[in-house]
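Visitor: Chains as they are written, first to last, in the numbering used here: chain R, 1 to 134; chain L, 1 to 175; chain W, 1 to 153.
No lab work stands behind these hints, which were simulated from the structure alone.
If you're wondering where the values come from, they're calculated on a predicted model, not measured in any experiment.
Beta carbons are placed, not taken as given, at the ideal position from N, Cα and C, and that holds for glycine.
Please note that the accuracy of each hint is not assured.
[Stated by the list, open to error] Capping the alpha-carbon separation at 35 Å, the derived lysine-lysine pairs in DSBU-like fashion look like this:
#: 1; chain 1: L; residue 1: Lys98; chain 2: W; residue 2: Lys2
#: 2; chain 1: L; residue 1: Lys153; chain 2: R; residue 2: Lys121
#: 3; chain 1: L; residue 1: Lys129; chain 2: R; residue 2: Lys118
#: 4; chain 1: R; residue 1: Lys118; chain 2: L; residue 2: Lys39
#: 5; chain 1: L; residue 1: Lys98; chain 2: R; residue 2: Lys118
[As the list claims (entries may be wrong)] One-sided and incomplete, this derived list gives chain R residues near chain W with beta-carbon spacing under 10 Å:
#: 6; residue: Pro61
#: 7; residue: His107
#: 8; residue: Arg126
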Amino acid sequence: MKPLNILIVDDCPVMRLVIRRTLGMCEFEVDRIIDAGDGKEALEWMNNIDFDLVFADLNMPVMSGSEMIGQMRVDPKLDKIPILTVSAESNDNRVDVISGLTEAYVHKPFSPEELRDKILKVLKKRAIITKDLS
Amino acid sequence: MRKVVGVSDFKVSKNAEDFIITHALGSCLGITAFDSAAKVGGMVHVMLPLSKSDPEKAQLRPAMYVDTGFQLLLNELYDLGARKDKLEIIVAGGASMKKGDGDDYFKIGQRNFTTLRKLLWKNGFMISKQDVGGNISRTMTLNISDGLVTINKQPINVDTTSSQTDNSKALNNAF
Amino acid sequence: MKEAQVNKIQDIAINIFEVTCYMFPLEEWEIEEAEDFEKPDGSVRSVVHFEGAAKGGMVISPSGHLLNAIAANMLGVEAASDEDKEGALCEIANIICGNTVPMFAVDNDICYIRPPRIAKSDENTDELFQGMRSDKLQILLDEGIADITIYYS
Numbered sequence: 001m002k003p004l005n006i007l008i009v010d011d012c013p014v015m016r017l018v019i020r021r022t023l024g025m026c027e028f029e030v031d032r033i034i035d036a037g038d039g040k041e042a043l044e045w046m047n048n049i050d051f052d053l054v055f056a057d058l059n060m061p062v063m064s065g066s067e068m069i070g071q072m073r074v075d076p077k078l079d080k081i082p083i084l085t086v087s088a089e090s091n092d093n094r095v096d097v098i099s100g101l102t103e104a105y106v107h108k109p110f111s112p113e114e115l116r117d118k119i120l121k122v123l124k125k126r127a128i129i130t131k132d133l134s
Numbered sequence: 001m002r003k004v005v006g007v008s009d010f011k012v013s014k015n016a017e018d019f020i021i022t023h024a025l026g027s028c029l030g031i032t033a034f035d036s037a038a039k040v041g042g043m044v045h046v047m048l049p050l051s052k053s054d055p056e057k058a059q060l061r062p063a064m065y066v067d068t069g070f071q072l073l074l075n076e077l078y079d080l081g082a083r084k085d086k087l088e089i090i091v092a093g094g095a096s097m098k099k100g101d102g103d104d105y106f107k108i109g110q111r112n113f114t115t116l117r118k119l120l121w122k123n124g125f126m127i128s129k130q131d132v133g134g135n136i137s138r139t140m141t142l143n144i145s146d147g148l149v150t151i152n153k154q155p156i157n158v159d160t161t162s163s164q165t166d167n168s169k170a171l172n173n174a175f
Numbered sequence: 001m002k003e004a005q006v007n008k009i010q011d012i013a014i015n016i017f018e019v020t021c022y023m024f025p026l027e028e029w030e031i032e033e034a035e036d037f038e039k040p041d042g043s044v045r046s047v048v049h050f051e052g053a054a055k056g057g058m059v060i061s062p063s064g065h066l067l068n069a070i071a072a073n074m075l076g077v078e079a080a081s082d083e084d085k086e087g088a089l090c091e092i093a094n095i096i097c098g099n100t101v102p103m104f105a106v107d108n109d110i111c112y113i114r115p116p117r118i119a120k121s122d123e124n125t126d127e128l129f130q131g132m133r134s135d136k137l138q139i140l141l142d143e144g145i146a147d148i149t150i151y152y153s
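Based on the sequences and whatever the hints tell you, model everything.
Guide: Take a look at the structure:
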């Protein structure tokens with residue numbers, strides 16, 4: 001398995017650090033973890049780096065996560081990248097819509113273990129990792 | 001050899017023939033840590049969240065508290081050759097002691113688990129498997145030969161001695 | 001708001017502090033017995049607005065000790081920087097708000113939560129929500145106290 005490139009999109013630096021720390025406790029190898037504070041900055045990164053996984057918050061300034069996900073899904077270069085939405089959004093309809101466009105939805109608040117389990121599920125589903133890791 | 005962990009007690013081993021067991025985990029937590037490479041493992045049965053509530057008692061019985069008990073377990077395992085990055089942590093217990101409609105006033109089980117989660121996060125550990133909460137009593141075992149952990153669950157008010165012989169109604173987990 | 005709704009928000013907030021910041025709720029008498037429990041003084045507050053299916057906002061004011069602990073616990077460190085403290089408080093405000101706004105929305109319509117910010121030290125946050133109804137609640141945790149005010153129309 002090649003080391004993974006991961007993009008964390010969240011306007012809160014502390015939440016980005018929480019996700020980074022969780023990734024550091026998972027046993028797969030990581031090449032690069034890149035941070036972006038909004039959807040626009042994230043799309044710029046995606047033009048330059050091939051990411052294996054994107055974490056996406058929804059409520060962000062400049063460009064929301066929903067808009068970013070919408071743009072990724074109609075862009076042939078980006079539409080295959082697995083997206084894991086991490087948000088406090090609690091409206092069932094909106095969560096359903098977002099879940100339909102992404103690989104997994106992690107509802108804030110979450111424990112590190114919940115996040116790890118969703119990450120591993122997404123990576124296994126996409127055959128990015130094949131063995132049991134935790 | 002069967003090693004029984006009492007309340008506020010711990011056992012560690014690197015003998016593949018050892019089998020560690022603790023009974024009657026209610027609001028207490030049973031925590032196992034196992035290094036599958038070094039084949040070293042142990043278990044602690046902690047009762048209360050924080051040692052700062054009674055530092056003297058914690059000095060005498062560190063395995064009574066989540067913070068000092070977990071640290072003690074780690075230190076003992078490191079002494080036997082375990083490595084931090086290889087340790088798999090499994091947790092059981094932390095039940096609510098609510099009986100009927102009465103309130104679980106102190107919520108000790110929940111506090112124990114929250115305290116442990118904080119300690120693990122701060123020290124760079126994640127829980128591999130857990131079976132916590134609810135209103136049940138648990139018996140936890142750890143096999144040193146392969147790291148297999150089993151959790152046997154019984155209703156909280158059932159006499160745990162008799163429940164040992166009646167596993168037919170118990171829900172079981174093997175991790 | 002009815003008492004049951006305020007209690008529901010209180011439960012949501014407590015659960016968020018527990019899951020995200022590794023804190024547990026205390027009973028009132030436990031706080032009274034602990035002499036070193038300072039009250040929130042409003043020096044650092046996070047404000048978050050929501051709009052759409054319902055309009056309103058939330059202001060969270062933690063005690064100094066709780067503010068430190070929120071950030072340090074979230075990050076798993078001993079002490080956090082001022083920047084991290086403010087960021088962590090805003091994230092907690094965002095999560096509490098996100099989880100409570102469906103209570104204010106009609107017919108499960110969507111509420112949009114705006115990015116939280118830190119209020120200026122002399123800012124009168126009540127003025128931001130003039131004409132709206134409000135409820136106050138207090139969260140008692142093992143690592144400190146938080147006052148939460150919810151504004152809604």
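Visitor: Each hint needs a verdict: does it hold in this structure or not?
Guide: Verification of the supplied hints:
no., hint, result
1, L:Lys98 with W:Lys2, "27 Å, holds"
2, L:Lys153 with R:Lys121, "28 Å, holds"
3, L:Lys129 with R:Lys118, "14 Å, holds"
4, R:Lys118 with L:Lys39, "29 Å, holds"
5, L:Lys98 with R:Lys118, "32 Å, holds"
6, Pro61, "5 Å, holds"
7, His107, "8 Å, holds"
8, Arg126, "27 Å, violated"
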